[in-house]
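S.K.: Relying on the hints, combine the two individually framed chains into one complex.
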Amino acid sequence: MNELLPFVIIGITTGSVYGLAAMGLVLTYKTSGIFNFAHGSIAALAAYAFYDLNVLRGLPWPVALLLVVVVLPPLLALVMERIATRLADATATMKIVATVGLQLAITSALLAHYGSEGLPFPAFLPVETVSLLGIEVGIDQLVSTGIAATGALAFYLFFRRSRLGVRMRAVVDDPDLLSLSGTGPVAVRRSAWLIGTWFAAISGLLLAPQIGLDALLLTLLVVQAYGAAAVGLFRNLPATYAGGLLIGLLTALATKFVVGSETLAGLPPAIPFLVLFVVLLVAGKRRLVEVGAQLRAPVSSPLLTPGATKVVVLVTLVVALAIPLVVGAKVPVYSNALVFVLIFASLHLLVHTSGQASLAHAGLVAVGAASFSHLAVGAGLPWLVAVLLAGVIAVPVGMLVAVPAIRLSGLFLALGTFGFGLLLERVAYRTDFMFGTTSTLEATRPAGFASDTVFYYVLLGFAVAGGLVVAVVNRSRLGRLLRAMADSPTTLTTLGLGVNVTRVTVFAISAFLAGVAGSLYASQSLSATGTPFSAYNSLVWLAVLVLFAMARSAAPVLAALFVAVAPAYGGGEAMVDWMPVFFGLGALLVALHQAGARRSGDAQDADARDIGSRADERIGGGSAAAERLAEVTAANTARNGSGAPDGARLRIGASR
Amino acid sequence: MLELTGVSAGYGEAAVLRDVSLWVPPRSVVALLGANGAGKTTLLRVASGLLKPSAGWMSLDGADVTGRAPHVLANRGVCHVPEGRGIFPTLTVRDNLIIQAGDGDADDAVERAVSAFPILGEKLGQLAGSLSGGQQQMLSLSRAYVTDPAYVLLDEVSMGLAPVVVDEIFESLATLAAQGCALLLVEQYVTRALELADYVYLLARGRIEFAGEPGELDAERLMARYMGGTHA
Numbered sequence: 001m002n003e004l005l006p007f008v009i010i011g012i013t014t015g016s017v018y019g020l021a022a023m024g025l026v027l028t029y030k031t032s033g034i035f036n037f038a039h040g041s042i043a044a045l046a047a048y049a050f051y052d053l054n055v056l057r058g059l060p061w062p063v064a065l066l067l068v069v070v071v072l073p074p075l076l077a078l079v080m081e082r083i084a085t086r087l088a089d090a091t092a093t094m095k096i097v098a099t100v101g102l103q104l105a106i107t108s109a110l111l112a113h114y115g116s117e118g119l120p121f122p123a124f125l126p127v128e129t130v131s132l133l134g135i136e137v138g139i140d141q142l143v144s145t146g147i148a149a150t151g152a153l154a155f156y157l158f159f160r161r162s163r164l165g166v167r168m169r170a171v172v173d174d175p176d177l178l179s180l181s182g183t184g185p186v187a188v189r190r191s192a193w194l195i196g197t198w199f200a201a202i203s204g205l206l207l208a209p210q211i212g213l214d215a216l217l218l219t220l221l222v223v224q225a226y227g228a229a230a231v232g233l234f235r236n237l238p239a240t241y242a243g244g245l246l247i248g249l250l251t252a253l254a255t256k257f258v259v260g261s262e263t264l265a266g267l268p269p270a271i272p273f274l275v276l277f278v279v280l281l282v283a284g285k286r287r288l289v290e291v292g293a294q295l296r297a298p299v300s301s302p303l304l305t306p307g308a309t310k311v312v313v314l315v316t317l318v319v320a321l322a323i324p325l326v327v328g329a330k331v332p333v334y335s336n337a338l339v340f341v342l343i344f345a346s347l348h349l350l351v352h353t354s355g356q357a358s359l360a361h362a363g364l365v366a367v368g369a370a371s372f373s374h375l376a377v378g379a380g381l382p383w384l385v386a387v388l389l390a391g392v393i394a395v396p397v398g399m400l401v402a403v404p405a406i407r408l409s410g411l412f413l414a415l416g417t418f419g420f421g422l423l424l425e426r427v428a429y430r431t432d433f434m435f436g437t438t439s440t441l442e443a444t445r446p447a448g449f450a451s452d453t454v455f456y457y458v459l460l461g462f463a464v465a466g467g468l469v470v471a472v473v474n475r476s477r478l479g480r481l482l483r484a485m486a487d488s489p490t491t492l493t494t495l496g497l498g499v500n501v502t503r504v505t506v507f508a509i510s511a512f513l514a515g516v517a518g519s520l521y522a523s524q525s526l527s528a529t530g531t532p533f534s535a536y537n538s539l540v541w542l543a544v545l546v547l548f549a550m551a552r553s554a555a556p557v558l559a560a561l562f563v564a565v566a567p568a569y570g571g572g573e574a575m576v577d578w579m580p581v582f583f584g585l586g587a588l589l590v591a592l593h594q595a596g597a598r599r600s601g602d603a604q605d606a607d608a609r610d611i612g613s614r615a616d617e618r619i620g621g622g623s624a625a626a627e628r629l630a631e632v633t634a635a636n637t638a639r640n641g642s643g644a645p646d647g648a649r650l651r652i653g654a655s656r
Numbered sequence: 657m658l659e660l661t662g663v664s665a666g667y668g669e670a671a672v673l674r675d676v677s678l679w680v681p682p683r684s685v686v687a688l689l690g691a692n693g694a695g696k697t698t699l700l701r702v703a704s705g706l707l708k709p710s711a712g713w714m715s716l717d718g719a720d721v722t723g724r725a726p727h728v729l730a731n732r733g734v735c736h737v738p739e740g741r742g743i744f745p746t747l748t749v750r751d752n753l754i755i756q757a758g759d760g761d762a763d764d765a766v767e768r769a770v771s772a773f774p775i776l777g778e779k780l781g782q783l784a785g786s787l788s789g790g791q792q793q794m795l796s797l798s799r800a801y802v803t804d805p806a807y808v809l810l811d812e813v814s815m816g817l818a819p820v821v822v823d824e825i826f827e828s829l830a831t832l833a834a835q836g837c838a839l840l841l842v843e844q845y846v847t848r849a850l851e852l853a854d855y856v857y858l859l860a861r862g863r864i865e866f867a868g869e870p871g872e873l874d875a876e877r878l879m880a881r882y883m884g885g886t887h888a
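Taken in sequence, the protein lines are chains A and B.
Quick note on numbering: the first sequence equals residues 1 to 656 in the numbering used here.
Quick note on numbering: the second sequence equals residues 657 to 888 in the numbering used here.
Extracted from the complex, chain B is given alone in its bound form (with noise of 0.2 Å):
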């Protein structure tokens, strides 16, 4: 179980979380859904240790791990697939999977990489920056299949894309749900999202407003309430 409790964090005086609590049992998938500005970035970061809270604890397994290193909980099994494109854009494809593998085997790591995504395979050696949208997402969505993370957090990765693109991505994550992690998911494509959730955490001001199961969610009004309309 990946547990936020009472949580509160921001960016020096300005306040983004405020007492928040959240819950990602194992082989899970908690969708997060919120406005723009919510504050569910900022939920992630807490969760992966990019931005320590200012109160609250976090726990991970039943162990302690409040505001400790990304690179201690990506050890422990949290993966967080960033914002916009987390890849590193002047390194090869295959610099980015060795990065992705860690301490762990390079080649393995490739191999699983392009098991899940062939298109890479076929540009193992360009630089990442020069990779279409489409292609730099799925590299960066890698991470997810290079570690075997026990929870990945995965903020707005349809984002920006073609549809078609849209369609796979959603696709892998199905399939990394299959295989047993537990997701914890940012995405605007609500719908989908809400099809592939166990529960559904609602933030808005960075409170939460709701947590439950899709099923409880009453979509039209709580989607005309906090997202200004449906969108998917």
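Looking at chain A on its own, in the form it has when it is part of the complex (with noise of 0.2 Å):
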């Protein structure tokens, strides 16, 4: 037992951190309906701004902490109340994609101005020891729990028993009666917004000293308390804080029980992802009640005319069969851009087609790439064979994501697929099935097609098939089915058509092509690592994707080129750094941009909702006249709501 106490007494101080940080999580979500992934990045921000306070400026560190505690949160709840406003219009994937958005943003900022090497944090608290039970405990240790549990222990108290708690409370259920009694939301969703931002910045403070300050590290940890909220089911805060300090005590358990195993050293780390997972999966749709309205994706009519895009799909080919003949050395850097289109490709399926937000994409390349390393290099098969095989190899592993898929959708759905994404970096790619303990593999290029110029045109001729294929099923039956779930499952239910087997369908072509890009990237670039494939990685993907929305099909042809080609011809390392801050700012943008959108000019849409789902008011003549409204909406955002030439025939069933 004695052996045990100081892991269990390193998972309490951890996991009442976590504990805390989750109730803040939690409180945002249930008040605002938006689930705040930039959480971690708010802890990362206030760890970085006590450092550059304390250290570089040489505050003293209670003024530095006082700072920080007192100025910076009320700071971040203005903004954050405000852009969870104006997201309360939007759809679910842009509420993801919005924070995604915000917290790249942060974390990546912080990684471009003070560097990505961890920096020293400095001890502010006591580090002596006491003997606690026989055991040497830190006095920062007991600080740590203390401030967390009481914290946690204070906010609950309040919550339940202040008048602004209760109003927090009555917000989330009806805000207009709330207001209605002489209480405007706007100001409760501020407090709520403070004390979780509070709570993220005292758990960044709080976690700093133990690791460090690693601008990304401290992003992930609260990513823990993700964890943490699943198991308070997004709602319960006492469920939360025990799901913390549950957490922290498995994941400190199993470090001493990995202890000596290289390749389950990744295990531990992994275990909040695997808790995440595992209680979204058990809970289910049922459970997991979304906060706030669940609206449909805009309507959107197509950019171009079907012989306009003819012109344009003919001329980006004939620049990019051009282009090793004009860009010299750097075809490279274009040949990746080929392998980002496919990938780019794949996620658009997913999340634009069928409307599901998936965040472990960067998990689907690695599986190809590792895979093809296997195939091609260790059992020596030929390398189209290797390529196919490795899309192959990732289908099981899309459909294992696709699990969540059935039981969650929106907001769950994203964290379901992230908590995946993040178990198979940490457990599965240093085991020898993929990148091993060494974590890179080698990888070749086809015989006869090795140069670089030459196995340019291999790759133009992967990404048009690619491009073909997402062509092809986005006509196909599949493609309208896709269409119409991401409209709305529940009609595609009551029109007799299942709707778990589109899920799992798409999921599995988006896998293939996920691990055929894979087999390509490591084939281009010689080797198989899983460094460009990190989990976070999934997370920049999709915000690049959405970034490039407003270009409907060709989003992945500029996504690719901005993330590939674009850095090679910026301004040197500082630019390339800064990149993914212009990401995640530029996705916060067009999200609220959608979410404004809707609001003032495609109105009509939602007001179909209001009148429909409160019963207000029938217009004109009674019941009729409502639902003569609604089906002309819905045939409207049938008819535009893929921007699909094609669209036309989306209503299944129905004559045209």
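Hint data in this document are derived by calculation from the structure and do not stem from the laboratory.
Since this is a predicted model, take the numbers as computed values, not measurements.
Hints may be right or wrong, so weigh each one.
[Claimed, not checked] Here are the computed lysine to aspartate or glutamate pairs in the EDC-like style, where the Cα-Cα straight-line distance is at most 20 Å:
no., chain 1, residue 1, chain 2, residue 2
1, B, K708, A, D174
2, B, K708, A, D176
3, A, K256, A, E136
4, B, K779, B, D764
5, B, K708, B, D759
6, B, K779, B, E824
M.R.: In structure tokens, the structure reads:
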């Protein structure tokens, strides 16, 4: 028992902080309907701000602490409340993309400004130890646990007892009614965001002394709070705190048990995501009810006529064919871009066509890359066979990701897939099935096509083929089903069409393309490693893809050019470091813009919902008119919803 | 005086109210009648600030309050008892009353609500969502007792309730009127509403079709035209 005690203490110390962070996360989600993916980066921001003031500017630590704890959270809370209110009218995907973008922006800005090397964080709490139950425990650990536990308890009492707490619970139920009772919901939400960001900031300051100053690590450490929030089913605060403790304890104990095993070393840090994934799966849709209005994708018409589209595609192809003749030594940059076209095309299929936000995409590409190396180099299979087989191997993994897609939707699907992606990265990447403990595998190019220029054309062939696959899927019955599913799964079910097979199918196709892309990536760079496929990059990719969502079907190509080519022409290192910041901010702006456009211009859709769901008033002469309006709106949405040329045939079962 | 002048409103492109003018004098009872879909609820939503009018203006005791937020109007004496059950189902009865009190004294609020609806006193710790329909409506209605409003907008408060409960609700409306609250009453029990009312407005397809005293209203004929028969 005494052997375990130190681990238990570490578990409680960190778990307590996770619990506090998770309570802040759940509070803001409950009151605003926006799940803040940027929660962890706010923690990191607070830690860096303290470092900047204390170490770089030489302020005494109490002053720095006061500034970080008293000044920073209100400012952030004001911004977050505005963002969240505006996002209330956005689709589930855009709500996710917005805060994912914000997280990307904050974390990347910290990395770009302070460097990606971990910095020593000033130990502002006393580090002497005291003896507790025969174990030496650091005073800082005790203080940290105490602060987190007191904060959590005080907040819980406040939430249950105080008038503002009651109002926070009321704003969850019915903000309009709260307003009718003389309390403005905005002020209440602002207070909720204040407490939420406050808890994030405090948890950042408490975690940083233990792990050092590393923006990515800090951001991801508070991501551990997702698991805790899941234990509380994203609404129960005490259970959320308990979830934090549970995760802390499990992680610490797992550390003890995997000591010495190189392969399992990734397990302890993956436990929060395991908890997140399992809890989400077990809880399912029935117990996980999303807060806030669930809206359909906005109505958008195709940008170009079919004729113009053909011309654009042709011109693009000609330019693509000519590129190696023009760019000289930069051919590999463009080869890379072609691989990314395939990656983004497969993601596009999931996110845009079927309306499912998947945050495990980098994992699928990684599976492809690793499998390719094992098949082509390890087993000596012919190149093309290895590439296609690697795609096939990624399919079951993609179907595994599809399991949460059946059980969950919207936000919880995104969280589930993110959990899965992190799990894959932490546990599977370093096993011998994937990149192994050496973490780099060899990869080859096909014999006779090995030169950069020739291989560029091979990749171009794959990119075009991938584009064709996506186009065929879009135009087929499956494509119509997918778009209809993105529009309204309920309608699809009432028409007698199961959505589960459709969901799994689209994940399978997407995974195949991602797996092939992974092989090509490895082939292009002549080595396979997990670094470019971190779970964090799944977030980056989604943000970039959404950034170009305006371009409809051309989004994957533009996104690929942006990710792969732009850095090669940008102003050097600094530019490359700052680019994710722009991706993130761009994605946030796109999401906010979409929500704003829906509110003003495309208001018709939302109005039909307003009239229908709240049953406020039937227009004109009774319910027939309201039904007619809903019908017309639905038809409009169906006609224009996907922006696809054959959209008019979208209403399954209905005669044209 | 709560005064709406030339108000048009709707949801997006769908106009529900067109050029509606309506006055609620202090201490008076005004009945607002009309068929389903005439725009009664929308009119109340405009009057309490939940919906911003697309045209026209609104004044409260002489001051222009067009487009003010609902909580601002609530604090200036406009109390809207919304359609359905205007309660927070996941909060206890006591917490609901605390919310209704706004920034006022919570204990005082509970006391007032309980003296108006004694049954609520036995249920203070219970979740509002677990109350019976009638009790929920009483809790919703208690907001008019808790804050001393000058104008109370009531949207079908008797809807879906047992006749004996309806009697109790109408008694409480009479009490409110006797206490000096002005009431703007949307009701399906037309005759009972007319018994209480000093003025009547008839709304059809988003326009005021009739405004006057209940005596001026040829009930049979108008009921036949707008209600498809008498409803009391």
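S.K.: Any of the earlier hints contradicted here, and which numbers?
M.R.: Violated hint (a single one): 5; every other hint is consistent with the structure.
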